[in-house]
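Chains as they are written, first to last, in this note's numbering: chain A, 133 to 395; chain B, 133 to 395; chain C, 133 to 395; chain D, 133 to 395.
Source of the hints: derived by calculation from the structure; they are not laboratory data.
One thing to keep in mind: the hints can contain errors.
Which copy is meant is left open, because identical chains are indistinguishable; a pair holds if it fits in one copy or across any two.
Stated by the list, open to error - Below are the EDC-like pairs computed for lysine to aspartate or glutamate, each with C-alpha atoms no more than 20 Å apart in a straight line:
no.	residue 1	residue 2
1	K316	E175
2	K148	D251
3	K148	D158
Protein chains: 4
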Amino acid sequence: MRPIQLRLVQILEHTKDDDRIGRYCDLLIASMVLLNVTAVVLESFAAIYTTYGAWFHGFEIFSIAFFSIEYLLRLWAYGAVDPDSPARGRRDYAFSFYGVVDLLAVLPFYIQFLIPGLDLRILRILRLLRLLKLSHYSSAVEDLLQAIYDERRAFGAVGYILAIVIIASSALMYYVEGAAQPDKLSSIPAAMYWSVISLTTVGYGDVSPITPAGKVISMLTAFMGVATVALFTGIIASSFNKQLVRRKVIYEQELRKAFADGV
Amino acid sequence: MRPIQLRLVQILEHTKDDDRIGRYCDLLIASMVLLNVTAVVLESFAAIYTTYGAWFHGFEIFSIAFFSIEYLLRLWAYGAVDPDSPARGRRDYAFSFYGVVDLLAVLPFYIQFLIPGLDLRILRILRLLRLLKLSHYSSAVEDLLQAIYDERRAFGAVGYILAIVIIASSALMYYVEGAAQPDKLSSIPAAMYWSVISLTTVGYGDVSPITPAGKVISMLTAFMGVATVALFTGIIASSFNKQLVRRKVIYEQELRKAFADGV
Amino acid sequence: MRPIQLRLVQILEHTKDDDRIGRYCDLLIASMVLLNVTAVVLESFAAIYTTYGAWFHGFEIFSIAFFSIEYLLRLWAYGAVDPDSPARGRRDYAFSFYGVVDLLAVLPFYIQFLIPGLDLRILRILRLLRLLKLSHYSSAVEDLLQAIYDERRAFGAVGYILAIVIIASSALMYYVEGAAQPDKLSSIPAAMYWSVISLTTVGYGDVSPITPAGKVISMLTAFMGVATVALFTGIIASSFNKQLVRRKVIYEQELRKAFADGV
Amino acid sequence: MRPIQLRLVQILEHTKDDDRIGRYCDLLIASMVLLNVTAVVLESFAAIYTTYGAWFHGFEIFSIAFFSIEYLLRLWAYGAVDPDSPARGRRDYAFSFYGVVDLLAVLPFYIQFLIPGLDLRILRILRLLRLLKLSHYSSAVEDLLQAIYDERRAFGAVGYILAIVIIASSALMYYVEGAAQPDKLSSIPAAMYWSVISLTTVGYGDVSPITPAGKVISMLTAFMGVATVALFTGIIASSFNKQLVRRKVIYEQELRKAFADGV
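Could you put together the complete structure from these sequences and hints?
As C-alpha cells, this is what we get:
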C-alpha cells in the first residue's frame with residue numbers, strides 16, 4: 133500500500149517537475165476550481181439562475197463529490213508520509229494551511245444538512261473559498277507572503293500609526309461635523325467609514341465635509357493617507373530589495389571565492 | 133537590387149545613429165502618426181466634422197496611401213535581410229510585433245470594402261492603432277517592458293491575489309447589499325465594477341455602500357486596494373533596482389580587476 | 133529608597149526583556165489605554181451613552197486615578213536615575229516626549245475644574261491622547277520615525293514643491309471657476325480644499341470643475357498629485373534602503389575582515 | 133566699486149555659510165515673498181478685499197519697489213562677476229533660471245501700464261510667481277529635480293505609454309458612451325478629462341460610466357492608472373537608489389584603498 137500512497141502524494145502535490153500525471157492532475161483541479169467560480173458568478177444573475185438552476189445544482193453536486201474524493205485521497209495518502217505513524221502524517225496535512233483550505237472547500241455543503249435553516253446564499257459565498265485551492269500551485273504567492281512576513285515588525289508599526297490616525301481623525305470629524313451631518317456622522321464608528329475611505333484615497337464622496345473645520349480635518353486626513361500609503365509601499369519595496377541584497381551578497385561571496393582561487 | 137533593399141532597411145529602421153536620411157524618415161513617419169491622431173481627435177467634435185468632413189476624408193486617403201507604401205517598402209526590403217531566402221526575411225518581419233503593427237495601421241481601411249455594413253466609427257478607433265508605430269522609435273519603452281517582463285512571476289502572484297480579492301469582495305458585496313441596491317449590485321459582475329473602482333482607489337462614488345455591513349466590506353476592500361498598489365509598486369521598484377544592481381556588479385568586477393592589475 | 137525607585141523604573145519602562153513583572157505592567161497599561169479608547173468610541177453612540185452614562189463616568193474616574201498614580205510613580209521613581217540630583221532626573225522625564233504624553237493623559241480632566249464652562253466634548257477627544265502611551269511599547273515606531281527624520285531635507289523639498297503646487301493650482305482654479313461656482317470656490321482657501329483633495333487623489337467629487345479651463349487645471353493638478361505621491365514614496369523607499377545598505381556595508385566589512393584573517 | 137559689487141553678490145546669494153548679513157538678507161526676502169503670498173490669498177476673500185483694499189494696494193506698491201530694487205542691485209552686482217566683461221556677467225544672471233524668476237516677480241506690474249485694458253486678476257495670479265524666488269534658498273529642490281532629470285529617458289517612456297493609454301481609453305469611451313452621455317462625453321477631448329481623472333485615481337465621479345461596456349473600459353483604465361503610478365514611483369525610487377549606490381561605490385572604493393594601505 134505505501135508505494136501507492138507515496139506516488140499519490142507525488143501526483144497530488146506535483147513535487148516532481150517532469151511528472152506528466154502530476155501536471156494533468158494540477159490542471160484538472162485548477163479547472164474544476166475555475167469552473168466553480170464561474171458557476172457562482174453566473175448564478176448571481178437572477179435571469180440565468182431561474183433558467184438553468186437545475187444545471188447549476190447538478191454541477192455543484194458533482195463538484196462536491198470531486199473535491200470530497202480529492203480530500204479523502206489526500207488524507208489517505210498522507211498516512212504514508214510519516215513512516216512511524218500514519219495518524220501523525222494525516223494530522224499534519226489536515227491542520228496545514230492547504231489541508232484546512234481543502235476541507236473548507238467541501239465542509240459547508242455537508243453542514244447545511246446539520247443546520248436545516250441555514251441561509252443558502254452564505255453557502256454560495258463559501259464556495260468561493262475553493263479559490264484558495266489554486267495557491268497550491270503557485271509558489272510565487274508564498275514568496276510574496278514571505279516578503280511581507282519578514283517585514284511584519286515594520287508593518288506592525290505602520291498599522292499602529294494607521295490605527296491612531298483613523299481613531300483620531302474620525303473622533304475629530306465626529307465632534308466637528310456630528311451636529312452638521314447627523315445622518316452620516318452620528319457616531320465615531322460612522323466617522324471611521326469616512327476616515328478609511330479618505331485615508332485610502334478612495335473618496336467615494338458619499339460622506340464629505342461641509343464645515344470649514346471639517347474640510348481642514350479632511351485635508352489633513354488626505355495627507356496622512358498619502359503618507360501612510362507611501363510608508364506601506366516603501367516598506368514593501370525595501371523588503372523586496374532585502375531579498376535582492378541577500379542573494380547578491382551570496383553571489384558576491386562566491387565570486388570573491390572563485391576570484392581568490394583563481395589568483 | 134540587394135544593396136538598395138539593405139540600404140532601405142537601414143533607413144526605415146534607423147539602425148545607424150548618424151544616418152541623416154534615416155532620421156528624416158523617422159521624423160516623417162512620426163509626424164504622420166501624430167497628424168493622424170490629431171485628426172481622429174478633432175473629427176470627434178461634431179461641429180468640426182460637419183464643416184471639414186471632406187478634408188478629413190482626403191487626409192485619411194493620403195495617410196492610407198502613405199502607410200501602405202511604407203508597409204510594402206518594408207516588406208520588399210526585408211527580403212534581402214536573409215541571404216538564403218527572401219521569403220523567410222519577409223515572414224520574420226511580417227510576424228514580428230512591429231510588422232503586425234504596421235499592417236494593422238492600414239488593414240482596417242481595406243477591410244471595410246470586404247464587409248460593406250461595417251460601423252465606420254470602429255474604423256476610426258482602429259486608426260488610433262497607428263500610435264503604436266511610434267514605439268518603433270523608442271527603445272526606452274522596450275527597456276520598461278523588459279523590466280516588467282523580468283518580474284512576470286511576481287506580477288502573476290499579485291494578479292492572482294488581486295483576482296481573489298476582486299471575486300471575494302464583489303461576491304460579499306453582492307450578497308450583503310444586493311437586496312438594498314438592486315439597481316447597482318444586481319449580480320456579482322455588477323459588484324465587480326464597484327470592487328475594481330474601489331480597489332484601484334478611483335472611487336467615483338456612483339456605487340457606494342449604504343448598509344453598515346457593506347461599509348465594513350468597503351473599508352476592507354479599500355485597504356486591500358492600497359496593499360495591492362503597494363505590492364505592485366514595490367515589485368516594479370525592485371525590478372528597476374535589480375537592473376541597477378546587475379550593472380553595479382559588472383562595474384565592481386571591472387573595478388576589482390583593474391585594481392588587481394594595478395597592484 | 134533608591135533601590136525601590138530604580139526597580140520601579142525597570143518595571144515601568146520594561147528595560148529588562150525577561151522581566152515578568154515588567155511585562156505584566158506593560159500589558160496592564162496597554163489594556164487600560166485600549167479600554168479607554170473603546171469607551172470613547174462607544175460613548176459616541178447617543179443610545180449607548182444615554183443608557184450607560186453612569187458606567188462610562190465611573191470608568192473615567194477610575195482611569196484618571198490609574199493614570200495619575202502611574203504618572204506620579206514614574207515622576208517619583210525617576211528621581212533616582214540621576215545619582216547627583218533627583219530634580220534633574222524628574223525634569224528630564226517630565227519634559228521627554230513620553231513624560232508629556234503621560235501628563236496629557238490626565239491633565240485635561242483636572243483642567244475642567246479650573247475652567248468651569250469648558251466644553252465636555254473637547255475633554256472626550258483629549259482622552260484619545262492616551263493612545264500615544266502605547267508607543268511606549270513599540271520601538272518599531274521609533275525606527276520608522278527615525279527613517280523619516282533622516283530624510284527630512286528631501287521631505288522639506290517635496291513639502292516646498294507641494295506648497296507651490298497647492299497655492300498655484302488653487303489660485304488658478306479660483307480665478308478660472310470662481311465666477312462659475314461662487315458657492316464652492318469663493319476664495320483661494322476654499323479652492324485649496326479642492327486642490328488638496330485632488331492632489332492626494334482622494335477626489336470626493338463635492339467640488340469638481342465645470343468649465344473647460346477648470347478641467348484642464350484639474351487634469352494638471354491630478355498629474356502633479358500623482359508625481360508628488362511618487363516622489364514621497366520614492367524618498368521613503370530610498371530611506372529604508374539606505375538603512376539596509378548601511379547595515380550591509382557593516383556586514384561586508386566584517387566579512388572581508390574575517391576573510392582576510394582566514395587567508 | 134568692484135569689491136562692493138562682489139560683496140553684494142556674496143550677501144544676495146548667501147554663498148558663505150557663516151555670513152550673518154547674508155542670512156538676514158535671505159530671511160528678509162523670504163519673508164517678503166511669504167507676506168506677498170498671504171496678501172494674494174487674503175485678497176481673494178471678497179469681504180476682506182472690500183474693507184482693506186487700500187492697504188493691500190499699498191503693500192503691493194511697497195513690494196514692487198522692494199523686489200525692483202533687489203533685481204537692479206543683483207543686476208548691478210553681477211557686473212563684477214566676470215572680470216573681463218560686466219555685460220557678460222549681467223547677461224548670464226539675467227538669462228539664468230533665477231534671473232528670469234526675479235524679473236517675473238516685478239515685470240507684470242510694469243506691463244499693466246503698457247497694456248491698459250489688462251485683466252487685473254491675471255496680474256494677481258502672476259504675483260504668485262514670486263513664490264519661485266524661495267527656491268533660491270533651497271538646494272534640496274535642485275537635488276530632487278536632478279534626480280528626476282537623470283531619469284528623463286525612463287520618464288519619457290512612461291509619458292509615451294501614458295499618452296497612448298489616455299488617447300486609447302478616451303477614444304474608446306467616446307465611441308462607447310458618447311451616445312449615452314452626450315452632455316459629458318461629446319468628444320474625445322471631453323472623454324480625456326474622464327480618462328485623466330480616472331487614470332490618476334482621483335475619480336471625482338462627475339463623469340462615470342453608465343453602460344456595461346463603459347464600465348469595462350473604466351475598470352481597465354483604472355488598472356492602467358494604478359500600473360502607471362507604480363511605474364512612475366518605481367522609477368523615482370530607483371533614481372534615488374542610484375544616487376545612493378553611486379555614493380556607496382565611492383565609499384567602498386575608499387574603504388578598499390584604506391584597507392589595502394593598511395595591509
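query = Tell me, which hint numbers fail for this structure?
reply = 2
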